[in-house]
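Relying on the hints, combine the two individually framed chains into one complex.
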Amino acid sequence: MANSEYVLELKGITKIFPGVKALDDVYFKLKPGEIHALMGENGAGKSTFIKVITGVHSPEEGEMYLNGRKVEFRHPTDAQKAGIAAIYQHVTCYPDLSVTENIFMGHEKIQRGTRRIRWSEMHEEAGSLLKELGASFSPKTLMGALSVAEQQIVEIAKALSVDAKIIIMDEPTAALTKNESEELYRIAERLRDNGASIIFISHRFEDMYRLASKVTVFRDSRYIGTWNVDEISNSDLIIAMVGREISQLFPKKEADIGEELLRLEGLGKTGYFADVSFSLRRGEILGLTGLVGAGRTEVCQTLFGVERFDKGKVFFKGKELKVRSPRDAMEQGIGYLPEDRQKQGLVLQWGIGRNITLPTLSKFANKGMVNSRKELDVAKRLAEKVSVKAKSVFDLASSLSGGNQQKVVFAKLLTAELDVLILDEPTKGVDVGAKSAIYEMISDLACAGYGIILVSSEMPEIIGMCDRVAVMREGRVTAMLDRKGLTQEAILEASMDDTAPNTDGKRWAGA
Amino acid sequence: MKQTATESAGLQGAQVGPKTQQRSISAMIAKFRELGLLAFILLLSVGVQLRNPSFLTWENISDIATNTAILSILAVGMMLVIITRGIDLSIGATLALSGMTAALTVSHYPELHPLLAVAVGVGIGLVCGMVLGFLVAWVNILPIIATLGMMNVFRGLTFETSGGKWVSAHQMPASFKAIATGSVFGINNLILIAILIYIVAYYFVSHTRTGRRIYAVGSNPDSAEISGIRTGRILWLVYTIMGGLSGLAGVLWVSKFASAQGDTASGYELSVIAACVLGGVSIAGGVGKISGIVLGSVLLGILNNALPMINVSPFWQMFIQGTIILIAVLVNALVKRGIDRNHLMRRKI
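Residue numbers (the numbering used here), protein chains in the order written: chain A, 6 to 516; chain B, 24 to 372.
Chain B extracted, bound-state conformation (with noise of 0.2 Å):
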């Protein structure tokens, strides 16, 4: 690192033009990381396959999927919002709010569509987002006060609303619970649904005009300012996402574990943010990409699948997590780093 830096350097001067090692430089940086993390995950998965020989079976990596399907969709959103800058620790408690109600409904109303039963989840999520959006792109409110203060309310509700009491398994239709247990083609639902966020997240990140917005405010708010980009309304628009698909997400939850309580997925978030951070998204905005956040949710659920197969203690599980996710910021603290580093010593005195 140091030494392409002071390569670069002494290129300087020369003429403004064709500084090919430097773009290397980045580029190799940006592609190292993924690659880095895939090649991380395949050892990991090789070396419990030594240990646990049933680790690698056709139904324990549906099942990882499965199980990583919801923590994906949520890292979706997420990873916007840390784009803009901003952190959401709501979305657990937004999560099982529109669970909640969403298990309410299909209890008081079994013959109620499946996909009505998601459609008022996602538009409680969607509200409950449109709320934060509001607080954190118009009145100011810094996102993690804003998040922090209405994950109490809508924990709050949630305790409000089922007045304290689950909603089981035989209150639920079969209808509702086959949303996430059924599958197409021998592929669980979720892990489709999954997929096909993905897809759309994916296309609306590249490809779209707002999409590259996103990147534009966390990247740069001033400068998004003066260029004319209404940075309140995409500040707003990520908060709404976050919230829709937290309330999607608790839809899938309530179907797929069969309850809905009042402290359904509570701590959720911080897994998410995890999955993000382990993904590569950087907390202070601009940066984040949806390959980075599929290869984080992955580790996270492996790690998660794996650990107790090959008999690793509870406690010890929580410890190498929090110890892979400390790495993973140690490391991509350095890239940065290097990174400014290389740009001061291009600036000649």
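Bound conformation, chain A alone (with noise of 0.2 Å):
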């Protein structure tokens, strides 16, 4: 390979994590000049592709080519001495320090012989990189007090000080207004038109066809295809991003849908989500989904109390709802199974009965001390219920397996007497058995009278379990789909709509 028609060129990598593929034989050519999208659903495997080039991760297998020229990257100075750049999906500045300072980190100027820092020309040089990206904010500035576009602007910089070649840019408007994003279009096609390459990957449509020429997909940590913007439909690519059969059984069954137990009306908190309207049912699964950071767990997080809202009203069985604390919640009846396990849901040194009465201890108890034996058969029963598989409930659920340890969590919800759930990803990271006995689990719940939301950002999961489907993006509800409307490109197209947000969210909001 010594034609250098290609700036950069990977073949068949593959990287492992401990119990997980994350990328599996996957390609990529970029041309020069070019401005190439990269897209994918969550856990795709873009992000680790990403690290992957800029020599944070070291690949297992697969080669990488520069120029024509085979290279390995052992470091990411490796990777910035070679002229590749990235700008991270959550920027990686260093808040306390001036602007200069992140864009030289790394970098900096230093005068020969005293090894002082010439901060002077270093000002100077970050303010004119500054001005050529547009940006009039002084280069003294912290980098603390600047927007989250202002931010990216000074990402931008510190690629353009090391005169990269090859600049990736992971969702870089994913955090932008149109106005800002609009912005970062025309300095990614000046840098494209000085000659540099640019690897752009967003989760808005809008954003590739502006934007790029080719675009490559990923699913499930392999690598689908890559296609010219222009002759790939939108339908095609969602349809390449989805790709899988539902190929699992769920087991749903049609439960007695009741009251309406909890309604949403124009619920914000500010930075994190706005204008989220639902109600709930008794015996309904809803679905909440939508991609990672859209805003779902935060709106779940406010219902259960943990975090406040500023706006808007919540009702529960008629009554409007104001939950202090998660405990007043569980005492009003909502009951909430946490994202992390191991870090919201479990005591893991504890033994799995002590796990399962933890919420609900007060009732064990009299006069603050615990009835030990009555706390157990509540436990035992609680924990067959859910068949944990363990010898005693004296088991320490670090020993578990994560399928076991989610069913204790679920243990742990029915001790209290509840009418609300709201379950965040229950199936993550549970093996493919547990899952299927968690999914028969939820049925019954909701069977059993008990109005679920279910977070999650597997499609397949949404799509069999639930009886209605909001989707969020951006901290709003995007689509309300029910189940004759229920399909991965459905999902997918409320999730990834290709406007920018502050347009016509609201269109969507409460359809």
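Note that these hints are calculated values from the structure, not bench results.
Mixed in with the good hints there might be a few duds.
[Stated by the list, open to error] Pairs of lysine-lysine residues, derived as BS3-like cross-links and limited to a Cα-Cα distance of at most 25 Å, are as follows:
no.: 1; chain 1: A; residue 1: K114; chain 2: B; residue 2: K359
no.: 2; chain 1: B; residue 1: K188; chain 2: A; residue 2: K145
no.: 3; chain 1: A; residue 1: K390; chain 2: A; residue 2: K379
no.: 4; chain 1: B; residue 1: K359; chain 2: A; residue 2: K316
no.: 5; chain 1: B; residue 1: K312; chain 2: A; residue 2: K145
no.: 6; chain 1: A; residue 1: K75; chain 2: A; residue 2: K36
no.: 7; chain 1: A; residue 1: K440; chain 2: A; residue 2: K348
no.: 8; chain 1: A; residue 1: K396; chain 2: A; residue 2: K440
Dropping the structure here:
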């Protein structure tokens, strides 16, 4: 491979993390002066791929060519020296340092001999870089005082300061308004015209159509294909991204849908979500989906009183609901199964039984003394009910598999008398067998009259289990789908709507 | 605060660029913090002066400066450690160990040049710091645990080397005692050494690459790693510097009080941490200024000196010091919350 038609070429890259294949035989080609979009669902492996290119992770298998020459990056500095710069999804800045320092971190200008930092020169160069990018804040500003859009510009200035030939942008527009995105497009085009190649990761179709000439799609850690942007239609692209068939059978039983339990009206929390409205009935499973960071977890945590909302109202069984704390929420009848069971769901060093009875310990207590026999009975009964596989209820929670741990967390919810269960990614990191057991449990709970909010990123799960689905995008509900219109394509379309936010998000709300 | 926040949110989306308000908010807070502390120190001094006219005399001010010198030297090292999100509880013990070793050395070799005695102390301190730095940076022990453990190790070693006995004034040669009590141009050596260290430290943290990288590691460790900064080496370095300064402080301490004891400076690390916190060094890392810790140390020094002068009982002295530290932390927290909220307001949904 001596010709250099491509500035960057990756062949058969495989990256394995303990227990998961994050990238599986992935290919990628980048031409000089090209803006190449990289698309895929959550967890498709895009971010890992970027980290392979930038030398943060080294792949187990595969080869990487730069201008036709084979390279191997062992450290991020290797990639930097080779002219590769990345602008990460979550801006990786130093909030406490000045803009200049953020731009030059890792390649400061040093006076030869005295090794003194040449501040005035750095400030000057930073200033001219920022000017070139059309920004007008001073390079001496503290990074933390800038808006996300401005921080993005600093990150781009950083890439320019190392004279990067390949610039990777990982969801740069995710947190930007339409005007700011437009500014970013212009900057990206200017960089391209000056000869840089750009890899652009985004969930917005608009970004892709506006900027990219090629698009590569990853799905489930695998390479799916590369197309010219003008040759592939929106729907074909979605099919490429979703692609899979739903092979698993979901044990969903028809439950009687009863009276309304919960109704949200225009719920909002500054900086996290806005205008969220939906309702939940007894016996219903309501899916809440969207891309990571769309605000799903934040909505649930406000309902459960972990966080507070500052706009809108929540009605619970017809009365306005005010929850001050999780304990308060549980007393009123709302339970929450947290996303991270190891951190928020369980006390790993405790036995199964004590974990199960923890939320309702006061039920077994008389004047502060815990009646351990009564506690044990309840724990045993519930552990059997959710069929935890363990020798006894005294086994430590840490000794259980992911699926069994999750069952214990479910059992915790069942100790209290609840009406609404909020399940945040209940099958995350759980093997297939335990998954179907958990699905069955969810279905049984719905039949038993609970109203269930199921938060999930897994589309088969959402489609297989839910009666209705609310799709969120960037803090707003963009679509309300019922069983008839429930397809992977419809969900993906709503969660990646091809317009920037703030323009017509409201059109969808409550539709 | 709240109003400015809404204003900047309102600006959002107009265009990426001129937002002078935002810059001035953070700049204002940063300036306000140091100026506020300075104003508080001046107010306090004037208040004490009104009650006791001998407070603002040349002798007393010189006294305060001499007594604050060691604290302020240690505060430099502690600031660096805290900036990297760490803490060092072992410095009191390191100080005692190196002070004791230096004192024992000079008591056996009275002819030894005082600079060599200083070198012995600094050397011991550096070794202590290197060990700690190794534990924190490469064995990945939490700083609070590693330094708590080593604190006891160093303290134990101090008793072991001295056999539990004191080295007292008559065992020390005059040249050794002169390290801390001597003066150049009428200014006490301790003050001169502290000033020298502050000049070097200022140059180090604001004009050298390594110095700035200490801030980078504390401000965002993950990002520092991705930028290719060897975070382990930076961590190791700050604990080593802290150790070296503790060693120096140990010699100065023993020379000043003309006595080396097993329990020298026990608990002193807390005063040093307090000086840093008062000076605006954030325990969350990434933030801390040389000018801040000067003011923090001076404030503690003035409190130690002034409260007895206006006949505040020793019990109330501790109470007052504690209260002032808490207020400083509270102000820091409020400012930080305001900034965070400001950032959230700017995110548009």
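Taking 25 Å as the top limit, are the C-alpha atoms of B/K188 and A/K145 close enough?
Given that 25 Å is the threshold and the Cα spacing comes to 55 Å, the pair is violated.
Decide if the proposed pair is consistent with the structure: B/K359 and A/K316, CA atoms, cutoff 25 Å inclusive.
OK: B/K359 and A/K316 at ~24 Å, within 25 Å.
Regarding the pair A/K114 and B/K359, is the alpha-carbon distance no greater than 25 Å?
Distance ~31 Å between A/K114 and B/K359 Cα, so the pair is violated.
Are B/K312 and A/K145 close enough, with their CA atoms no more than 25 Å apart?
holds (16 Å)
A/K440 paired with A/K348 [C-alpha distance capped at 25 Å]
The hint holds at about 20 Å.
For the pair we were handed, A/K390 and A/K379, check the Cα-Cα distance against 25 Å.
holds (17 Å)
Hinted pair A/K396 and A/K440, Cα distance within 25 Å
holds (21 Å)
With the threshold set at 25 Å, check whether the alpha-carbon distance from A/K75 to A/K36 stays at or below it.
holds (16 Å)
The earlier numbered hints that this structure contradicts are 1, 2.
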